[in-house]
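Student: Place chain Z on chain E using the hints.
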Amino acid sequence: MAILDRSASPEEINNVVEAWLDQHWDTEKRCAKGEDSYDEKSWLTKVFEAGFCVPSWPTEYYGLGLSQKQSGIVEKAFAKRKAQGSARDRFHLGAITVFKVGSEELKRAMLPIMLTGPICCLLYSEPNAGSDLAGVRTKAILDGDDFIITGQKIWTSNAQEAEYGMLLTRTDWDVPKHRGITFFLFPMKQDGVEVKPINQITGESEFNEVFITEARVPRAHIIGSLNEGWTSFQTAIAYERLIMGQGITERRGKSKADSEPQLITLARKYEKYDDPTVRQKIAQALAYRELNGLNMKRAKQEIMTNGSSSLMSLGKLAMSRVQHGEAAIATDLLGNAALLDGDDYPDAANINFDAAKAYMNSIGGGTDQIQKNIIAERVLNLPKEPDLDRNVAFRDVKSS
Amino acid sequence: MSQISDEDRQALRDGFARYLDAEAHEEKLRAGIANNRGYDETIWQQMSEMGLLGIAIPEDFGGVGGGAIDVALVMEEVGGKLLPVPFTSTCVVATEMITRFGTDTIKKDLLQKIVAGELTVSIGGTGDFVSLSDDGHSLSAKPSVDGWAMSGQVSFISHAGVADYHLLGLKKDRVQSAYLVKASDAVSAERLSTNDPAQRLFTLNFSDANAIKLEGIDAEGINQVRMRGMAAVAAEQAGATRAIFDITMEYLRTRYQFGRPIGSFQAIKHMAADLLVEVESATSAALAAAKALDAGSPSAPKFISLAAFTCKDAFRTVSAQAIQMHGGIAYTEEHIAHLYWRRARAGLPLFGSSDEHREHYLKSREAA
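Taken in sequence, the protein lines are chains E and Z.
Quick note: the first sequence uses my numbering, first residue 589, plus one each step.
Quick note: the second sequence uses my numbering, first residue 3, plus one each step.
Keep in mind the hints are simulated off the structure, nothing from the lab.
All residues carry an ideal CB built from backbone N, CA and C; glycine is no exception.
In silico negatives: residues of chain E with every beta carbon more than 12 Å from chain Z:
hint, residue
1, Lys621
2, Leu632
3, Lys634
4, Ser713
5, Val763
6, His766
7, Lys777
8, Phe795
9, Tyr827
10, Asn938
Dumping the calculated BS3-like pairs for lysine-lysine here, alpha-carbon to alpha-carbon at most 27 Å:
hint, chain 1, residue 1, chain 2, residue 2
11, E, Lys888, E, Lys670
12, E, Lys888, Z, Lys293
13, Z, Lys365, E, Lys860
Just chain E, with the same shape it has in the complex (with noise of 0.2 Å):
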């Protein structure tokens, strides 16, 4: 079904993809070609029959062979004509951790499932299980050949959405915590499944509450081994750290390239640009950003050359001194106003917006603290620092 392979130029690339989309993909109604409006499950299925859901996948995967600087023209191409679908194996977790650690049968079963509906949510973190991951209580007993699951799952992004979870459940209680979790891929469309959204501190309901009462899971749906739920979980977790260093869960079209940031124009605007401090403060939080941005970029060719990047873990910590630094100057500039806030008010609306959104990074997929723990552990090379629950049966861990 390929109709590209590695041996491509970027201009055969970009040639083949674009006719492809100018066969099939109506960019003015932003639909497929002969279609009044936008069917995500039949448009996922052409652009996965062709193979551009995960071009860098190899073809018996439902790829292409592609290599990610490749993959990159398949995207930018779809990206132009503000087409969905692509980059699915850079973005899509769930998918990407089956093709990764997930068995032949899974992977033959439910990648195609995967790859042409909604993105997978993410059923990690409980009340008691934040940073301390490890720590789930979410049940899961074998009754014949399916799991029953009993517990509660918070910070699910999508949950509404979402036709399967990545869930983290324990299987057994008698080991200590890591030994004792198995990786699901969940059904969420089933009775015993209830999605309550957060109210955010941004304003924003983006995550809700899982509560999961007695649902059930095949057995076959384990990604990974049972009770070696930890270990596929892991690559998992990596690639939404990755993800977020990269800057994905800031707000889109935030600042090009090219234009003006938005700090020097905010200074102007408010009088304080010829300020020598302020100028100084400014110029060293462009400067954070910038350098991250040649961080990753580091990263990136990197993992061209050698298939992996230690450079790539320090993203998502870099990108909370750029998110809190840039809202905290911009708060100091707005003075008075930036105690306003709402529709009346755009400026201080977006800053004080920001200055709380800030923490998404910081703390969203392990805070800046867990993070810092493993950049020293796994770059760096530090000891562990003895833990007190390591030789411990789970059943016995003390919890809040």
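Tutor: Just chain Z now, with coordinates in the frame of chain E:
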């Protein structure tokens, strides 16, 4: 643009790094500090053998025709070992000035000697190509039978005590001039006491010393020279930052207190992770600056400013925290950490302060 292939560049760097790992150990650094030159002459000669001294010199004059990226890779290694060699002054700034503004006779004579390791140049006075300007100098040049005669006094000249030539900038009413003065009896050098024992700073006195005036100096040319000097310094600082960071990480893995390696404490780990961001940012900034220069990119001045303050500040922060993380052992003279810290502090005023460069950087981000 560099004339060196990617493979050759990597090989050159690897070879130099291997040599330095074997030869440029701490005893040599300290022995160099104790002698009048300030550095180990055998290392300079080896750099000549490896073709490194002519890395930025065109092939026509015996060099290898490398670009800013090649200089940067060499300087990262130089910085990593804290080599107090006169590389930036001789092989970058003087080399660029002579290549751009020297007559063919001067180029043939001086550049080939630089490649051969037979000649070093110290740089001082005022002007954008001078890394340590001395606004209080009393230099004056007047025409003489042999060309020009230099008189007066100037301070803050690195490595001037053993330099074969002095390249002096005189900037007055925005007009830049530059003179080459050969070491002779008409030039006397007096060493200044410095905070970094590896730094060699001198006051020079000239009494009607013969001088060659470089002709055809233009602002854009000088700016290119300045940017290349700055890129070299930034790379040196980035390399030094990484080296003292690595030394510190090794200590954190091996030093035990409370029955466990001190690197297992989160208070220390979090410092380390934060510092790694600075280390990598310095490397990225230095490389981006060198690449922008070689590409002739209009963004080169922006990346040069970014690298200037990022690398200075990273080196200062990381070397200072290195002492803190080591604890008492690094409060001793015999530990190497303070030598990195002193070098970081010695680098702060080179080609202007971090605050000045932040200001330049901000201007470069404004809408045109």
